[in-house]
Structures are given as structure tokens and as C-alpha cells.
Amino acid sequence: MEKIINKNRIFIIIISLLILIAFEGKTTTPSSKVDRRIEMENILPKKVGDYKAEGKDEIYNRNTSFQYMDGAAELYRSYAFKLLMVRNYKKHGYPSLTVELFDMGLPEDAYGIFSYQTEDEEVGIGQGSDYGGGLLRFWKGKYFVNVFSEKETPESRKDILIFGEAISKNINENGLKPKLIKFLPEDGLSERSIRYFHLYPILNHHYFISHENILNLGKNTNAILADYSFPNAKNKTFLLFIQYPDEIQSKKAFNRFLKAYMPEAYSSPHKKVKTENGKWTFAKNHKKYVLVVFDAPTQEKAEELIVEAIKKLSRK
Amino acid sequence: MRPKNHFITRRDLFRKTAYGVLTIGFGLKRSGEAKEEKSRVVLIRDENVINKHGKINESIIQQMLDQGVCNLLEEKDSLHAWKRLIKPSDIVGIKSNIWAYLPTPEELEKAIIKKLMEIGVFKKNIAVDDRGVLDNPVFKSSTALINVRPLRTHHWSGIGGCIKNYIMFVRTPWLYHGDSCANLASIWNKSIIKGKTRLNILSLIYTQFYNRGPHHFDRRFVSEYKGLLIGKDPVALDAVGARLLQLQRIAYFGEDRPLDTTPKHIYVADEKYKLGISDLNRIEIIKIGWMEGSLI
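Heads up: the protein sequence lines correspond to chains X and G, in order.
This note's numbering puts the first residue of the first sequence at 16, with every later residue one more than the last.
This note's numbering puts the first residue of the second sequence at 7, with every later residue one more than the last.
There could be a bad hint or two in this list.
List time: in silico DSS-like cross-link candidates among lysine-lysine, alpha-carbon distance up to 30 Å [to be verified]: (1) G:93 / G:58; (2) X:166 / G:238; (3) G:278 / G:44; (4) X:274 / G:270.
Listing some non-contacts, in silico: residues in chain X with all C-beta distances to chain G over 10 Å [what the hints assert, rightly or not]: (5) 90; (6) 166; (7) 216; (8) 219; (9) 251; (10) 276; (11) 284; (12) 292; (13) 316; (14) 323; (15) 327; (16) 328.
No lab work stands behind these hints: they were computed from the structure.
Built from N, CA and C at the ideal position, the CB exists for glycine as well.
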């Protein structure tokens with residue numbers, strides 16, 4: 016009844032790693048991969064207060080990350096995620112702490128994975144942070160970091176935040192947020208609600224649109240979803256802002272979306288509809304961008320948001 | 007019939023059409039169907055199964071398991087009941103789940119092994135495994151499987167339940183993550199599994215009814231439900247499980263906070279793969295034991 020580790024499995028893992036190395040070699044030199052790992056080792060402290068690193072660091076890449084987090088790895092893989100380093104820390108008599116350091120490849124994607132969930136407290140660590148339930152999440156530069164304890168106690172909260180500060184200090188460079196954010200109208204915008212992503216399942220997580228990929232989202236599209244609150248409006252309004260690689264693709268996606276989501280507006284010059292919940296949806300294709308406002312309280316409000324965003328785009 | 011080229015969209019939810027119901031839950035009653043077959047599942051709970059130190063009581067969980075199996079099969083004696091599921095000559099793989107934060111309770115694994123040995127299955131013919139099932143000699147030559155895992159939310163498939171627990175029977179599990187893991191049930195047709203599963207058990211001793219981030223365990227969203235859900239039909243167990251997690255979220259948050267992903271794979275397992283029944287109206291839930299706060 017022993018849980019058996021089979022030689023075949025090890026063999027398959029070795030072969031997979033060799034294939035991966037060969038594949039990655041097309042875009043990254045082996046020395047830069049080594050550099051990436053060394054840089055990550057230097058970012059994670061060996062010791063913080065009485066906490067000391069324990070055990071060997073665990074390293075996972077895009078392909079092996081499933082071994083660490085099962086299907087949840089898909090979320091990270093939907094961004095430019097490169098490498099994950101996991102280090103555990105022990106302090107006698109206290110719950111152990113774990114740090115997960117993700118090299119997300121690009122600062123925009125470090126921000127993107129961070130923006131996936133921001134429902135707790137901003138604690139001023141890195142370029143954006145979120146703490147709750149014994150889990151600290153923050154991003155800085157191209158890195159996204161999780162620090163969490165086995166068990167949350169008042170002491171562990173303090174320790175987690177100290178760890179976060181130490182790690183953030185070791186990341187030398189800040190990164191820029193996705194450019195699309197600059198074009199969001201500011202009136203009524205809830206900053207913590209901004210989500211940046213590439214694939215439609217992530218969009219559906221935040222705001223369900225369709226089981227199908229009716230906006231043709233993919234790894235080469237950049238998308239922002241943001242919430243707006245307006246005076247006298249009980250519910251939130253959502254602005255979806257998508258950048259496609261070129262105008263042809265944005266036009267194609269726009270038409271597909273209209274046919275699937277608002278067919279009554281497809282042939283109309285004004286692409287707006289009052290949906291079944293009594294709110295307004297307004298869509299616009301501008302150059303290589305598609306903008307859609309969902310759940311606006313009035314059609315004027317929906318239009319205002321899009322007009323303002325396009326104005327900002329034109330000023331870039 | 008779903009019209010050709012009709013995509014299910016948010017607006018279908020507003021219209022509350024059949025397609026809309028699919029996306030938000032189960033329990034869609036299909037009209038026009040004659041007398042329908044029902045799936046039977048047993049929910050058994052005991053408020054003392056977890057002691058004040060958070061440890062699971064081995065004898066209580068054994069009783070819960072035995073009583074649950076007896077009620078499922080309408081037998082009075084647990085040995086008789088187990089013998090209807092497993093023969094002494096069977097080679098039995100117990101497909102467990104080792105996810106670090108919420109694994110299948112070891113006490114439950116032990117209770118299953120104990121019962122198998124009591125009915126005469128040789129120790130050498132029993133194995134408990136999760137990620138190594140494809141290379142485990144017992145699983146490779148198994149004649150019977152018992153599927154046991156905790157119930158929890160799952161980022162990519164909505165919930166982690168019985169259907170999903172067999173994903174380790176494929177070498178490339180990530181290939182099943184597309185479309186909200188819709189086609190997970192296809193794995194159940196693989197020869198190493200097909201027709202072998204005699205019993206499915208969802209451990210509800212602890213349930214994770216919500217999660218923050220894709221792979222984290224947050225104790226705020228874990229309940230001590232102190233139950234087991236036992237049945238032969240993995241789809242029925244998962245449908246009841248999905249509903250329970252939804253009710254727990256409503257109880258905790260005061261609203262139906264949606265899952266990361268709709269557990270579409272449960273419905274697809276029923277409609278496309280005919281693995282079991284996902285319609286709650288066609289699932290008979292036998293409740294035994296302590297039912298305070300059971301929600302179901």
C-alpha cells in the first residue's frame with residue numbers, strides 16, 4: 016500500500032524538462048535563465064528576524080507549475096509567467112511562512128496577476144498590495160509575490176508584512192502598469208477594480224459575458240475591465256477596453272461580439288441596447304481597440320465613458 | 007433545442023432561459039420526460055467527528071462511513087453492504103487526494119481500508135494513491151476503484167469533486183482544463199477506470215466553499231461541515247456538492263458570490279458522457295445523523 020514513485024514517471028519528467036530547455040532556448044539563452052534564477056534567489060532573503068529559510072527552494076516553470084498548483088497554474092500561464100520560486104521559512108514555536116516569487120516576464124503581467132484579486136486591505140508594499148486571511152499579495156517590477164502563513168495569528172500578520180517589505184526592498188526596479196490604464200476615464204473609476212488580462216476565462220471570472228470566446232480574446236490581446244460608480248446609480252457600470260494586434264482583428268472581434276451579444280444593434284449605426292436588466296450596453300470599435308460599456312444607468316452615461324476613453328486614446 | 011450559432015451570454019441569464027439556468031446552477035427540471043430514474047446519495051453528519059483539537063475521530067468516521075454505505079444500499083449490516091460493492095478477490099485502488107491544504111482525511115482512508123480487509127480483500131491488493139495512480143501496480147491491475155476526496159471550490163473547474171478527482175489518470179491533466187474543464191468526464195471512459203468505480207465519497211468533514219486566488223487555501227472560507235456524501239453516482243454527488251458550496255457561500259456572505267468558474271463539467275458529465283445525473287430534482291438525498299446547519 017505504499018505510494019509509489021515510479022522510475023517511468025521520473026524518466027518522463029526528465030525528458031519533458033529536456034524538451035522544455037530545447038524549446039525555451041529559442042527565445043532565451045541558457046545564461047539568462049540561470050541569471051533569472053540567481054536574481055530570484057537574491058530577492059528572497061535567507062533570514063528575516065528569527066525566521067530562517069528551510070529546505071531547498073522549489074523552482075517551477077510554465078510547464079512544471081502544474082506539479083505545484085494543479086490546474087490553478089493555467090491562470091499564471093495565461094500571462095507571460097516564466098518562473099516560480101517557493102521558499103519556506105521556520106521560526107521555532109510559530110507557524111511556518113511560505114513565499115512564492117513569480118517572475119511574470121513583464122511588469123504589465125505582474126500587475127495583471129495581482130489585479131486578479133484585490134478584495135482585501137492595501138498595506139503599502141511594492142507597487143500594489145492586498146492582505147487578508149494570512150495572505151499577502153503584491154507586485155513590483157516584473158515580480159508578483161505571495162507571502163502566507165500556515166495559520167493566521169496577530170504575530171503572523173506582522174511577520175508576513177515584514178517579509179513583504181524585505182522582499183520588496185530587494186526588487187530593485189519598479190515597472191509600468193499596462194498602458195491601457197492611462198486611457199480609462201477617471202470620473203467614477205474604482206482604482207482597485209481595474210483588472211488586466213488576456214484571455215476570456217479571466218474576463219468571465221470578473222464579469223461573465225459568454226461561455227464562448229465571442230470577443231476573440233487571446234494571448235496577443237490586452238484587456239482591461241474596470242468598475243465605475245455614479246451618483247444616484249445603485250449598481251456598478253463596467254468598461255471593457257481591449258487592444259487587438261491590428262485593426263483587422265479588432266473589427267472582426269467587434270462584429271462577432273455584436274452578432275452574439277447585441278444582435279439587435281448589429282445593423283444599427285448606434286451600437287447600443289437596453290439589456291434585459293434595464294441597463295445600457297454600448298460598444299465601439301476604434302482603430303485597433305474595442306470598447307464596451309456594460310450596465311450603464313443611462314445611454315448617455317454609456318456613451319460618455321466611451322467618448323472620454325477615445326479622447327484620451329487620441330491624445331496619446 | 008438550442009438554436010444554431012446561439013452563444014450562451016449574460017443576457018440569457020437576464021432572460022432566465024434554460025441556457026441561463028445552466029450557467030448558474032443545477033436543478034433544471036426537464037419537462038416532458040416520463041418516469042425518470044433517480045440517483046441516490048447519502049448525506050451523513052456527526053457533530054463530534056472533529057474533536058476540540060481539530061483532530062478527526064477515527065471511530066466516529068468509521069461509523070459514519072459504515073452507516074452511510076448501509077443506507078445507500080439499504081442493508082442493515084455494513085459487511086453485507088460492503089460485500090455488495092467489493093469482492094474479496096478484487097484488487098482495489100482507493101483514489102485519494104493529497105492537495106496539501108485540504109487532503110482526503112487519512113482517517114477516512116484508513117476506515118475504507120479497514121472495511122476492505124474485513125470483507126477479505128488482501129492488504130497487498132489495496133492501494134491508496136493520487137498523483138502516482140498511473141504507475142501504481144495495484145491501480146494498474148485494479149478490478150475495483152473507490153473514489154474519495156474532499157469537496158472544495160476549484161479555480162478552473164468550479165468545484166473539485168468526484169468527477170475531477172480522476173484527472174490524475176491522465177499524463178497530461180492540463181489538456182483537460184479548457185472550457186472550464188468541461189470534458190473531465192471523458193477520462194472516466196479510459197480503460198484503467200471504465201466500469202470499475204464501486205463507490206464515490208465526497209468528504210465534507212471540512213469544505214472549502216470559496217477561495218481567494220487560484221491556488222490558495224484561506225481558512226476563512228473553510229467550514230467544519232462534519233459530513234460525508236456517499237453514492238455510486240459521481241455526477242449526483244458533485245451536483246449536490248456544488249449546491250452545498252453555493253448555499254454555504256450564501257450563508258457566509260449573505261449573497262450568492264459566484265465561483266471562479268461555473269462547474270459546467272458536472273452538467274456535461276451528465277448530458278454528454280452519461281456518467282450520472284446532475285439534475286437535483288432527480289437526486290434522492292438520504293439524510294442521516296446531525297443535521298443542524300446542514301443547509302441541504
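Hints, one by one, checked against the model:
no. : hint          : result
1   : G:93 / G:58   : violated, 38 Å
2   : X:166 / G:238 : violated, 36 Å
3   : G:278 / G:44  : holds, 18 Å
4   : X:274 / G:270 : holds, 24 Å
5   : 90            : violated, 4 Å
6   : 166           : violated, 8 Å
7   : 216           : violated, 7 Å
8   : 219           : violated, 8 Å
9   : 251           : holds, 14 Å
10  : 276           : violated, 5 Å
11  : 284           : holds, 21 Å
12  : 292           : violated, 5 Å
13  : 316           : holds, 19 Å
14  : 323           : holds, 24 Å
15  : 327           : holds, 27 Å
16  : 328           : holds, 26 Å
Violated hints, in rising order: 1, 2, 5, 6, 7, 8, 10, 12; the structure is consistent with all others.
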